[in-house]
Amino acid sequence: MNAPTCSPIYLDNNATTRCDAAVVEAMLPFFTEQFGNPSSMHSFGNKVGQALKEARGRVQELLGAAHDSEIVFTSCGTESDSTAILSALKAQPERNQIITTVVEHPAVLALCEHLEKEGYVVHRLKVDRRGRLDLDEYKSLLSPRVAVVSVMWANNETGTLFPVEAMAEMANAAGVMFHTDAVQAVGKVPIDLKNTKIDMLSLSGHKLHAPKGIGVLYLRRGLRFRPLLRGGHQERGRRAGTENSASIVGLGKAADLAMAHMAYENSEVKRLRDKMEAGILAQVPRAFVTGDPANRLPNTANIAFEFVEGEAILLLLNKQGIAASSGSACTSGSLEPSHVMRAMGIPYTAAHGTIRFSLSRDNTEAEIDRVIAAVPPIIAQLRKLSPYWGEDGPVEEPERAFAPSYA
Amino acid sequence: MWDYSEKVKEHFFNPRNSGVLDEANGVGDVGSISCGDALRLMLKVDPESECIIDARFQTFGCGSAIASSSALTEIVRGMTLDEALKVTNQDIADYLDGLPPEKMHCSVMGREALHAAIANYRGEEWTDDHEEGALVCKCFAVDSALIEETVRANNLSTVEQVTNYTKAGGSCATCHEAIEDILSKVAAERCTAPVAEAKPVAEPAPNGKAKLTNFQRMRKIEEVVEEIRPMLQRDHGDIEIVEVEGRNIFVKLHGACHGCMMEHATLGGIQSKLAEALGEMVRVLPVGAMGHGGH
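These protein sequences, in sequence, are chains A and B. Remember, the working numbering sits 5 above the position in the first sequence when you count from 1. Remember, the working numbering sits 267 above the position in the second sequence when you count from 1.
Mixed in with the good hints, there may be bad ones.
What the hints assert, rightly or not - 30 Å max Cα-Cα, derived DSSO-like pairs, lysine-lysine:
#1 K95/A - K217/A
#2 K389/A - K311/B
#3 K324/A - K434/B
#4 K434/B - K122/A
#5 K122/A - K52/A
#6 K324/A - K274/B
#7 K122/A - K199/A
Don't read these hints as lab results, they were simulated from the structure.
All chains should be built: construct the whole structure from the sequences, respecting the hints.
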């Protein structure tokens, strides 16, 4: 909104990533000379078909899938999630329960809420203060009535990783289908699906430097499946609709790049994230990391700043050209702070002031130094405005000192 | 990103009159940290002229909350208290060249803080009558609490009626599913399914039917109540007609219905059924209201 005074710093890569220049380059011919429909008999279509096959192979490799036919291209992560869950229910009408978690992305949560209204039973696994699941609770819920388990690989807000491989084993042993929404994990943590019992996995192109509007649903070979979209033979009849060929090619390239940068992501990006986090926490009192710091994505830092409101922080960061995001109620238009923060029992004094910094391989040391310098004065400035903050700390018993007459 | 006006941004980045006003003689606190925004307005009022000499604020909240607080202090400085009481939340929003619909509550909070501060100066009690829910209709900034309250109070059963009463859903129509959800929620509480075809809102109570004799009328009331009883019994409650006095029908609720939070809504639902069956306006009242002229 305001013109930044110096070059912008993008730390909102869990929201979306910059499309890699090499990805754009790979895509361009598919808008111009390679415009054919891969289903066509002529050579215009044939070359496109070849390119799609190659891209499918690259995604297969990134996911460690056993067969390239297990990769189904969709339009986005949300479509993949919906397809997976609805398919499991349609294919197994005798099962009417779903197991998921309270901290899933709305793509899963809102769908489950809707299915609940239609009569399905939804079990939502709770998390502890660090955002971890109770596997005993999970085990007790697995039964022949459960059609599908849907658990995210990594949380989008905190980066906390769930033990999906172990959970898939448990589901498999109980004869229950297992789906994971891995849109935040793919490209950031190594994945080898052929050696897991995961049946379905969702990924989203724009989270790993591919364009928006392309996603993947991994479907284990032999898994009972019912398509969401019918009306064409594309994706072997599992997802009708003319292929988004340019974006599929782009995703193939992005998968290549993700594999090449996997080590960098887990060493250098992680180092920068840790440096930034430590640098901010060393200077700002009453601030803490949310989620499970020892077990999370290498790129994500979610910091709660007590007694300040997230949107105000974001606006001031933005003024300095720094882009991040917040779990504050005000940034979403709802009145409640993020469901993830509430699920972890983060106190209200801090939940409204949570800021997520999510890095990528594009970020530099100089950028991180600038963020470390920029954040503390912003928090101090807002705390100075706040009725809950005194000279150098929160007022004694903030809730009492600030006493609305009607409370 | 919110579509904030330049004025909002300017007041957020450079808030006027922030900080503690030591010589304040009227202080208003509204909101709370759990709601995500809280505002303390401090006024220095000249006791002779009742004129606001100085106004300062402290705010915990988003960009528009801080900008609204800043604007509020600018607006009221120099006003007399009576003038200040006429300031509306729309005045605050207008001063900032408008606020996004999701953020209008920030201006409402400003007005409330002003009223609270003036009440505090005058040694009066100030009570908040404002309840908020999630924003449903973005076009007209109508929240779920208002829709729910209106549906309940007026026994509404269709989206069209909700639009007529609250404007919600009257423009882009994308919130109709959310409005339907509220309607079914309230209908479920009322123990009645939503009426498939509701009568237009403006239509007066049906009066085309031949007038019932007193006996027929009593019978009819009994019939309607008998129809409703199984539904209440399913919820472990019951109802009994005690007396009919003109347009007032006094009933006694038993079991789970008695003292239930939904008692009011239940009576409202029965009332509309009776009014429909009898073709006249009647009031269904708890037996406790007998002898008080129904009030």
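Here is how each hint holds up against the structure:
{"no.": "1", "hint": "K95/A - K217/A", "verdict": "28 Å, holds"}
{"no.": "2", "hint": "K389/A - K311/B", "verdict": "21 Å, holds"}
{"no.": "3", "hint": "K324/A - K434/B", "verdict": "37 Å, violated"}
{"no.": "4", "hint": "K434/B - K122/A", "verdict": "27 Å, holds"}
{"no.": "5", "hint": "K122/A - K52/A", "verdict": "46 Å, violated"}
{"no.": "6", "hint": "K324/A - K274/B", "verdict": "15 Å, holds"}
{"no.": "7", "hint": "K122/A - K199/A", "verdict": "36 Å, violated"}
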